[in-house]
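Given only the sequences and the hints, what does the whole structure look like? Please build it.
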Amino acid sequence: MINEAANPGEKSFYQVSTNKHTGILSWLLTVDHKRIGIMYLIAILSFFLVGVVIGLFMRWELMFPGKTIMEAQTYNTLFTLHGVIMIFLFIIPGLPAIFGNFFLPIQLGAKDVAFPRLNLLSFYIYVIGAILVLVSLFLPGGPIDTGWTFYIPYSIRTSTNVSMAIFAAFILGFSSILTGINFVTTVHRLRAPGMTWFRMPLFVWSTYATAWIQIIATPVIGITILLVIIERAFGVGIFDPALGGDPILFQHLFWIYSHPAVYIMILPAMGVVSEIIPTFSRRTIFGYKQIAYSSLAIAFVGYLVWAHHMFTSGMSDTSRWIFSLLTFIVALPSGVKIFNWVATMYKGSIDPQVPFLWVMSFIFLFSIGGLTGLVVGALATDVHLHDTYFVVAHFHYVMFGGTGTIFFAALHYWFPKMFGKMYNKRFAVISVVLFFIGFNMLYFPKFILGYMGMPRRYYDYLPEFASLQLVSTIGSWILAGAIFFVVGYLIHALYKGKKATANPWGGVTLEWHIASPPPMENFHEIPTITHEPYDFSQLKEMKYGE
Amino acid sequence: MGSAPTIHVETVDFVMLYIVGISVILLLGITVTMVYFVFKYNRKKGHKPVDIHGNIALEVIWIAIPTLLVLSMFYFGYTGFMEMRKVDKSAYTIQATARMWAWEFGYDNGLRSDTLYVPIDQTITLKLVSVDVNHSLFIPAFRIKEDVVMGKTNYLSFKAKETGAFDIACAEYCGLNHSMMYSKVIVMPKNEFDKWLNSQIEKDSLSTQDSTKTKDSSSIKNSLSSKDSPSGKN
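Protein chains in written order, with the numbering used here: chain A, 1 to 546; chain B, 1 to 234.
If you're looking for bench data, these hints aren't it; they were derived computationally from the structure.
It is possible that part of the hints are untrue.
Subject to a maximum C-alpha distance of 20 Å in a straight line, what follows is the list of computed EDC-like cross-link-like pairs (lysine to aspartate or glutamate) [what the hints assert, rightly or not]: (1) Lys-11(A) x Glu-464(A); (2) Lys-184(B) x Glu-464(A); (3) Lys-48(B) x Glu-541(A); (4) Lys-89(B) x Asp-108(B); (5) Lys-540(A) x Asp-51(B); (6) Lys-48(B) x Asp-351(A); (7) Lys-44(B) x Asp-351(A); (8) Lys-421(A) x Glu-10(A); (9) Lys-127(B) x Glu-10(A).
If you want it as structure tokens, here you go:
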């Protein structure tokens, strides 16, 4: 069992510097995985809020037909930035960089990740990439207006700052690769004694599967971006047909990374769900191995479906149906996870606290996202719906309703552990409800608009789309209100919140065995693991049990 | 669905209903079960939780049944798609040229038009050509689209069984005026179409290239006429 000798008055990692500095430098030069996780949280949450604000402006413009507040060029820039910021600065790094950094070593019973200095380097590469994105906005030529997919030939022809912005994505890729290498090594080398592969918490499993995708898929986008920069700078014909290149080749290379990247975004979220449901149901997870293996299956099959983004690109009909078939296959492991999660509630002892409410909301929204994925996975329907609002709705339900919702679930689940404070639970319940209502008002009308034939990336639209567009804009206010409310009461809780206990939810994975916030180096003595990850019989023996 | 403008519309709407129907059942099943469990096994009721590690039979069932379901969805999607891609030897071919930000349709007798006029009950094959960036020819009412890519000739087929005017939109982002790149497809009875084709040739032989261009830009405005004037937005 865990030989935990912590005393109540011990110092947390906030009070102990890992270097000779104090104050801000003890943070900026830290190699502690928890401090790096917190720095990522601040940076990533800030960019997320910027992305939300940009989204609000887009919805404001679309509130009525015709010009509402901005010119077409501004709108085209905003939807590009919204995509670039949300994808590259929020949702790809989001869960692994924040919660993976903070909790992966603790859940394995380790003092830190395998390469702490490399971990700090990853953070700074992320910051440099983010700064490059910002710089590209203010250089002559103007902000990038290509859409986050950077499709050629438009991205070669436009005079905006494409090279700088995609170079930022190139830099950010290295942050992702290095974090992946760090996590894979940590899982292989730093498991505590007795922490066999099948005693690892499922958040570790999913982060591990994610790390492999980060390592293997990211170089593809890096090379592709370099080729685009070379093409723009020196006029070498690679992708641009005017120079003898092949624009479809660009789409293939882009999606060979960017489809697996969808699983970089969603897998860690699935891991968090697999943590929260057992804790609040107070029973073991249903189908542990199926969930673990389905993460690996998603990571593997996820490589083979990229061309379903290109069903109308003009590639051969044979490749279209093959990729359609493979796409339906990749839906299955996600289904397996959902069934196992719901089955985990069966005969549990369910306490639907705030993180659990976020997870329930996730299961509903993510199911809609996944099931509408079947609609666009089928060829006949996809040809109609490709590049319409239906696709926009579909991926917002998956990415925002899925990963975004779980970002908030994870934040509410681990907040007391990370900061040692508890937030106002009544405010938290209100925010879940508002989020859920606003989310569906904002995105559900887009399914209908898409089927009616409203194409995406449209500054203006036909009058028959006006009423649903207006509903969607009103939804965006409710959703953004909920998000800013969450940020507000969490920041308030940091200063004025009640002190959190070490184990407020009655969890049993290793982070609940140590103090809140955790001490520097997490464990005074590396624990020896004797239990399965979700064995709640150990609650009674735990130092910080009930 | 008897009033669908093409047979393919009925096919796509059927595939849509099939997949959405199954999805709604699955979604309701999952959600209702989840909510029921939260009430039934609520901690307030004081049940002792039971650790159930899994059930192989259940796992097999909830992999096998969804596999069959998604394979059937794949199949309907596949056949519906192939029906649209069938190349008809008797098809009437029209070249559709996309540029930033207008469509032009070229007929085999040399006639060019910014609006697509087609005869009813005749398979039309559009040869898709771009002179600059990627575009995508999208006719929502017919449930079809295909990208228009420079250096690559894609094609798109349809056979209208109803006369009328339907929107043509650009579905692949192509820069500043992407959202204004609308045109119309006008389906007419065969004899009217022939009359139009011949009369236009006569007119065309008299008019210059310039007048064609003016016609182009005015028709884009017309297609968006029911909203604020697009010219104010550029």
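The hints, checked one at a time:
no.: 1; hint: Lys-11(A) x Glu-464(A); result: violated, 62 Å
no.: 2; hint: Lys-184(B) x Glu-464(A); result: holds, 16 Å
no.: 3; hint: Lys-48(B) x Glu-541(A); result: holds, 18 Å
no.: 4; hint: Lys-89(B) x Asp-108(B); result: holds, 16 Å
no.: 5; hint: Lys-540(A) x Asp-51(B); result: holds, 16 Å
no.: 6; hint: Lys-48(B) x Asp-351(A); result: holds, 13 Å
no.: 7; hint: Lys-44(B) x Asp-351(A); result: holds, 8 Å
no.: 8; hint: Lys-421(A) x Glu-10(A); result: holds, 16 Å
no.: 9; hint: Lys-127(B) x Glu-10(A); result: violated, 75 Å
Figure legend: structure checked against the earlier numbered hints; hints not met, in rising order: 1 and 9.
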